[in-house]
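Taken in order, these protein sequences are the chains called V and H. Going by our numbering, the first residue of the first sequence is number 323, and it counts up by one from there. Going by our numbering, the first residue of the second sequence is number 1292, and it counts up by one from there.
Hints listed in this document are in silico derivations from the structure and should not be mistaken for laboratory results. Mixed in with the good hints, there may be bad ones.
[As the list claims (entries may be wrong)] With a straight-line cut-off of 20 Å between C-alpha atoms, the simulated EDC-like cross-links for lysine to aspartate or glutamate are:
{"#": "1", "chain 1": "H", "residue 1": "K1313", "chain 2": "H", "residue 2": "D1408"}
{"#": "2", "chain 1": "H", "residue 1": "K1313", "chain 2": "H", "residue 2": "E1379"}
{"#": "3", "chain 1": "V", "residue 1": "K397", "chain 2": "V", "residue 2": "E330"}
{"#": "4", "chain 1": "V", "residue 1": "K397", "chain 2": "H", "residue 2": "E1386"}
{"#": "5", "chain 1": "H", "residue 1": "K1390", "chain 2": "H", "residue 2": "D1408"}
{"#": "6", "chain 1": "H", "residue 1": "K1313", "chain 2": "V", "residue 2": "E391"}
{"#": "7", "chain 1": "H", "residue 1": "K1313", "chain 2": "H", "residue 2": "E1404"}
{"#": "8", "chain 1": "V", "residue 1": "K397", "chain 2": "V", "residue 2": "E378"}
{"#": "9", "chain 1": "H", "residue 1": "K1390", "chain 2": "H", "residue 2": "E1329"}
{"#": "10", "chain 1": "H", "residue 1": "K1390", "chain 2": "V", "residue 2": "D371"}
{"#": "11", "chain 1": "H", "residue 1": "K1313", "chain 2": "V", "residue 2": "D386"}
{"#": "12", "chain 1": "H", "residue 1": "K1313", "chain 2": "V", "residue 2": "E330"}
{"#": "13", "chain 1": "V", "residue 1": "K397", "chain 2": "V", "residue 2": "D371"}
{"#": "14", "chain 1": "V", "residue 1": "K397", "chain 2": "V", "residue 2": "D353"}
{"#": "15", "chain 1": "H", "residue 1": "K1390", "chain 2": "H", "residue 2": "D1304"}
{"#": "16", "chain 1": "V", "residue 1": "K397", "chain 2": "H", "residue 2": "E1379"}
{"#": "17", "chain 1": "H", "residue 1": "K1390", "chain 2": "H", "residue 2": "E1379"}
{"#": "18", "chain 1": "H", "residue 1": "K1390", "chain 2": "H", "residue 2": "E1297"}
{"#": "19", "chain 1": "H", "residue 1": "K1390", "chain 2": "H", "residue 2": "D1403"}
{"#": "20", "chain 1": "H", "residue 1": "K1313", "chain 2": "H", "residue 2": "E1386"}
{"#": "21", "chain 1": "V", "residue 1": "K397", "chain 2": "H", "residue 2": "E1380"}
[What the hints assert, rightly or not] Some residues of chain V that are not near chain H, with every Cβ distance over 10 Å (derived):
{"#": "22", "residue": "M323"}
{"#": "23", "residue": "L343"}
{"#": "24", "residue": "A381"}
{"#": "25", "residue": "E391"}
{"#": "26", "residue": "R393"}
[Stated by the list, open to error] Some, not all, of what chain H presents toward chain V, calculated at C-beta under 8 Å:
{"#": "27", "residue": "E1297"}
{"#": "28", "residue": "M1320"}
{"#": "29", "residue": "G1322"}
{"#": "30", "residue": "N1323"}
{"#": "31", "residue": "S1357"}
{"#": "32", "residue": "P1360"}
{"#": "33", "residue": "L1371"}
{"#": "34", "residue": "G1373"}
{"#": "35", "residue": "I1377"}
{"#": "36", "residue": "E1380"}
No residue lacks a Cβ here, since even glycine has one placed at the ideal position from N, Cα and C.
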Amino acid sequence: MSATEVLESRLRRAFPEADELSVVDRTGGGDHFHVTVATSRFAGLPLIDQHRLVNEALAEPLADGTIHELRITTKGTA
Amino acid sequence: MSALRERIRTVIDEEPVALFMKGTPQLVMCGNSSRALEALRALGAPVTAVDVLPDPGIRQELSALSGWPTIPQVFVRGELIGGADICEELLASGELRQKLDERLGSGALTGDERVVDVLAAAH
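Turn these sequences into a full structure, and let the hints guide you.
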């Protein structure tokens, strides 16, 4: 499984209800990622808490160096 | 608590705006650190920067304190604002400006930038 797939499967497990979920390998090098998660769980939640939930879902690949650089876009859906 | 963690905590608690980054404002070593710095610069926020690169311990202790895993990290009056993405979004929405005005008071947006070395015994 590629790193992109690992990240995506972790996010899908953490946000099974997500309306939108994507992982983009920004450089093709397999360690600079842009993840996008849109879910009703984020509605009304401060941005920092939304990002905290994404960081928690990716705690392991963040800690073990799989992710060298991460960009996060979150959206709260109705 | 380690002396290093204590010095990091002092920067977070005492500096109006603390930016933990890779590199320094004069020589930024990472795209996300640059994005966070530019968001603060766009408003003329006074920035106290800490370079996390000289010692991996800085990043470890910082993340242990903040519960935030990635660099950069921006704090305003001791409160974690977030990383580069959040700073850019809050800049665009006007909330970053609002937060700086509320927390720092008028006349605080001087654009001053300085670097603090948390590895030094005293600063």
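Could you check the structure against the hints above and give me the numbers of any it violates, in ascending order? 5, 12, 14, 18, 20, 24, 25, 26, 27, 28, 31
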